[in-house]
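> Each chain, letter by letter, is given below.
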Amino acid sequence: MFLFLQQLLNGFSVGSMYALLAVGFSLVYNILGIVNFSHGATILIGSYVAFWLAQYLGMPLELALIISIVSAGLGSLLIERMTLRPLRRQKQPSIFFFIASLTVFNLTTAIIIYFGKGDIVSYPKAILGGYFEMWELIISQLDVAMLAIAIVSLSLLNIILYKTRLGLAIRSASYNLKAAQLMGINPDFVIAGTFLFAGLLGGLAGALLGVKYAVFPGLGDMVFKAFFCCMIGGLGSITGAIWGGLLMGLLETFISGYINSAISPAITFGLLIALLLVRPQGLAGRLVEEKI
Amino acid sequence: MSFLEGVIVQVLILAIVTQGIFVITGLTGLFSLGQASFVAAGAYTAGVLAIRLQWPFFYCLLGGILAAVLISIIIGIPSLRLRNVYFSLATIAFCYGLESILNVSTDLFGGAIGLIGIPTITRWWHALTALIIVYIIIRFFRLSRYGRACVSIRTDEVAAQSYGINAMFIKQISFSLSAAAAGLAGGLLVFYIGYISPDMFGVPISSEYLIIVFFGGLYSQGAVLIGTTLLTLFMELLRTTNELRMVIYSAVILGIIIFQPTGLYGIYDRLRRKLKSPSPIKSDLKEGERR
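Protein sequences, first through last, are from chains Y and S.
The opening position of the first sequence corresponds to residue 1 in this note's numbering, with each subsequent residue numbered one higher.
The opening position of the second sequence corresponds to residue 1001 in this note's numbering, with each subsequent residue numbered one higher.
Hints listed in this document are in silico derivations from the structure and should not be mistaken for laboratory results.
Cross-link-like lysine-lysine pairs, in silico, DSBU-like; alpha carbons within 35 angstroms at most:
no.: 1; chain 1: Y; residue 1: K91; chain 2: S; residue 2: K1276
no.: 2; chain 1: S; residue 1: K1274; chain 2: Y; residue 2: K91
no.: 3; chain 1: Y; residue 1: K178; chain 2: Y; residue 2: K91
Isolated chain Y (complex conformation) (with noise of 0.2 angstroms):
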C-alpha cells in the first residue's frame, strides 16, 4: 500500500513535466497542425542556460531558472522567426516543416554539447532537497513543488487563452486559420504568441527536470514522449495533453516500480498504442468526420 502511494505521488510528479511538455507541444499542434520537434529545444535551453548562468556567473539559482525559462520561450521565438516563418512565405507544405523542427533540435543539441562537452551535471545547490514524512511515506518537497508549479502555470495558460484578446485570437486561429486571418487577426503575432508560450512552458519543464534529475544533452529527447502524450491525450485538445501526460508518468513510475525500470518503455508504449487502437481519438479527442 505504501509502495502504491509512493509510487502514485512519484506517477504525478513525472507525470506533470509530461502535460507541460505536451501541452506545448499540442499548443503549436493546434494552430499549425505542424509537429513541432524544436519543442526540444526549449527544454535544452531552459536547462542549460540555469545551469551555466548559475555555475559561471555565480547567479542565485532561483534568479538564473527564471531567466532561463524566459530565454527559452525567446529562444522557441526565434525558431520560429528563423524556421517556419521562411517556409510559410514560401507557401511550403507543412511536412518541411517537421524536417526543420527536427534539425532544429539536433543544431541545438549539437551546440549544447559544444559548450557543455555532453556531460552529465548538476546544478551548483540543491532546491528543496527536504522531505515531508507523512505515516511511513516519504514525500520530497521538491515533487509537491513541481507539482504546484506545473498545475499553476498551466491555470494561468488557460486563463491566458480563456479571458484575454490573445487567448481569443490563438483559440480562433487554432479553429481555422484561414478564417480568424478573414476576421482580422494577425496570423504572424498569434503564431509567435503561440510559439512564446509553448517555449515557456518547455523551459518550464526542462528547468525542473534539470532540478530534480541532472542536467544532459539527453533532456531533450523528452519531446518525442511528449509528442506520444500530446497524441494519446487527443489531438486539438490541450486538457487532453495533461491527461495524456499524467497517463504517461503513472503507467512509467508504476510499471518501474511493480516490475523492472528497463523494460518500462515497452510496456508503457505498447499499452499507450494498444489505447489509441480503441480509442483512436484519444482520451479527450472527438472523432472528426474527415472532409473530402
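Dock chain S against chain Y, hints included.
Chain S alone, transformed into the frame defined by chain Y:
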C-alpha cells in the same frame, strides 16, 4: 582495413538505409521515425545468428532482412490504417520499445553492453554490391505499378483508393521494403564494426536519417543517394573540428532546408531550368506585349 575503406563502407551502408527511407517517405509520404530500429533489428538478428548459431555471413544478412520485414508487418498492420501522424507515432513507440527490450534481454542480446566479438567480414565490395542491388530493386519498384500507386497515395489517398488501389496493401509493401533495406544495412553494419549495443540506435538517429534524405531531395532516388554521399563525406572533412562539426553539419542542413526545401535536387532542378529554357515568356515576348 584502411581509413578510406572505413569511410566508404559507412557511406554505402548509410546510402542503403536512406534508399529505404526514400521508398517510405519519398514515394509513399509516410514519416517513419523508427528506421534506426529496423537497422537495429537487422543488426541484432545477424549478430545473434553469427555468434550463437555460427551461421555463415550471407544467411545472417538474410535473417536480418527477414526479421526487419516481419517487424514492419507487425507494426504496419495496426498503424497504417490510421492517419499518417499515427504511423510516425507507432514508429516512435517501436523505437523506444525495441531499445528497452534489447536492454533487458541480457541472455540473448547481451543487455545494455550489447553483442561483442562478431567477426568483421564486411568489405567495401560487399556493401557496394548490396547498395547496387538495393538501388536497382527500388528503381524497378518505383517504376512499377506499385511505385506509381505509392505516389498516388502520397498525393491523395482517397482518390487513389477510388481508382481501386488497395492503400493498406501498398503502404505495407513500401514500409516492408524500406524495413528490408534497413535490415540489410544493419547486417552489413554489424559485420563491419564487430560489436553492437542498444544505444547506437534510437529516435534521434532515425531523425538524422530522415534529415539526410531531405537534404538530398525527397522526391528523387538519385538525389537521395548523392545527398547521402555528400553529407557523409562533408562530415568526414569536418572530422578535425571535433565537437564543432555537429554544429556546422546541422547548420548547413538547416540552411538548405529553409532556403531550398526540396534539397539539393531542388537547386539542381532550378539551375537546369534556367540553363535549358530561359523562361519562354521573357524571351519570346517583350514587356507589355500580348501573346
